[in-house]
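Trainee: Here is what each chain is made of, one letter per residue.
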Amino acid sequence: KNQVEQSPQSLIILEGKNCTLQCNYTVSPFSNLRWYKQDTGRGPVSLTIMTFSENTKSNGRYTATLDADTKQSSLHITASQLSDSASYICVVSAPGGGNKLTFGTGTQLKVEL
Amino acid sequence: DTAVSQTPKYLVTQMGNDKSIKCEQNLGHDTMYWYKQDSKKFLKIMFSYNNKELIINETVPNRFSPKSPDKAHLNLHINSLELGDSAVYFCASSQGTGGGYGYTFGSGTRLTVV
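Keeping their order, the protein sequence lines are chains A and B. In terms of the numbering used here, the first sequence opens at residue 5 and continues consecutively. In terms of the numbering used here, the second sequence opens at residue 161 and continues consecutively.
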């Protein structure tokens, strides 16, 4: 069964600090992996998307890494801001039609002063 | 603004009622989806339409019926609402169905069945 597990489930950090969120998946075969940010009361917004041949992808202060051999990904947030407080969701896609994605349950990040 | 827009944003209704949620996208995408997000924040696909044709129909009670009048619209009708239907429903769209395309999500419709 395809699964995507994220850790930690929740995280509190001080503004300005860095943090790293983890994603392990069992989806196989694998097409791409995405990280989404979901603010409270809003829909998920795409941060990065990586295919199996990509090791890293950056979007501003967000940097995602991918190790397709170990089926692990991480999202590193640099110099956190209060606006980074959100749920971060790892989503893995298998190839083929239908565009079925497997979602992780997310990491709830809170950035405090 | 280019976006995926859903209406209503909030919906409170009694058990047994029938309700609809509407979704429209002006991104020119050819594929649209309905997702359900439960209380644990887990997103699960319900339906997917590509150019008005149903391509994904997960194990969803047949009380849920999607309708796509054109590729820019995907509505969700729910009959005989139950307490367990309470959740946030997200509409999304993408260009293509092959899994390699980015999704754009709407802001969600919070359905509360009382």
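What the hints contain is simulated information worked out from the structure, not anything from laboratory work. Each hint should be verified, as a subset may be incorrect.
[Unchecked claim] With a Cα cut of at most 25 Å, we get these calculated DMTMM-like pairs of lysine to aspartate or glutamate: (1) B:Lys169 - A:Asp43; (2) B:Lys200 - A:Asp88; (3) B:Lys169 - A:Glu116; (4) A:Lys5 - B:Glu218; (5) B:Lys182 - B:Glu213; (6) A:Lys5 - B:Asp198; (7) B:Lys204 - A:Glu116; (8) B:Lys196 - A:Asp43; (9) A:Lys114 - B:Asp198; (10) B:Lys200 - A:Asp73; (11) B:Lys204 - A:Glu9; (12) B:Lys196 - A:Asp88; (13) B:Lys200 - A:Glu9; (14) B:Lys201 - A:Asp73; (15) B:Lys182 - A:Asp43; (16) B:Lys200 - A:Asp43; (17) B:Lys196 - A:Glu116.
Trainee: Starting from Lys182 of chain B, check that the Cα of Glu213 of chain B is at most 25 Å away, please.
Mentor: holds, 17 Å
Trainee: Please verify whether Lys169 of chain B and Asp43 of chain A have alpha carbons no more than 25 Å apart.
Mentor: holds, 15 Å
Trainee: Straight-line Cα separation of Lys196 of chain B and Glu116 of chain A no greater than 25 Å?
Mentor: violated, 30 Å
Trainee: Regarding the pair Lys200 of chain B and Glu9 of chain A, is the alpha-carbon distance no greater than 25 Å?
Mentor: holds, 14 Å
Trainee: What's the verdict on Lys200 of chain B and Asp43 of chain A, does the C-alpha distance respect the 25 Å limit or exceed it?
Mentor: Holds, at about 15 Å.
Trainee: Would the hint linking Lys196 of chain B and Asp43 of chain A be met if the CA-CA limit is 25 Å?
Mentor: Satisfied, since the Cα-Cα distance of roughly 16 Å is no more than 25 Å.
Trainee: Could you grab the alpha-carbon distance between Lys169 of chain B and Glu116 of chain A and see if it respects the 25 Å cut-off?
Mentor: Measuring from Cα to Cα gives roughly 29 Å; hence the hint is violated.
Trainee: Between the alpha carbons of Lys204 of chain B and Glu116 of chain A, is the straight-line distance 25 Å or under?
Mentor: violated, 30 Å
Trainee: Compare the distance between the alpha carbons of Lys204 of chain B and Glu9 of chain A with 25 Å, and conclude whether the hinted pair is satisfied.
Mentor: holds, 14 Å
Trainee: Take the C-alpha atoms of Lys201 of chain B and Asp73 of chain A, compute the straight-line distance between them, and say whether it is at most 25 Å.
Mentor: Roughly 28 Å separates the two Cα atoms, so the pair is violated.
Trainee: Would you check the hint for Lys5 of chain A and Asp198 of chain B, treating anything up to 25 Å between C-alpha atoms as holding?
Mentor: holds, 20 Å
Trainee: What's the verdict on Lys114 of chain A and Asp198 of chain B, does the C-alpha distance respect the 25 Å limit or exceed it?
Mentor: holds, 21 Å
Consistency with the previously given hints fails for numbers 3, 7, 10, 14 and 17, ordered from lowest to highest.
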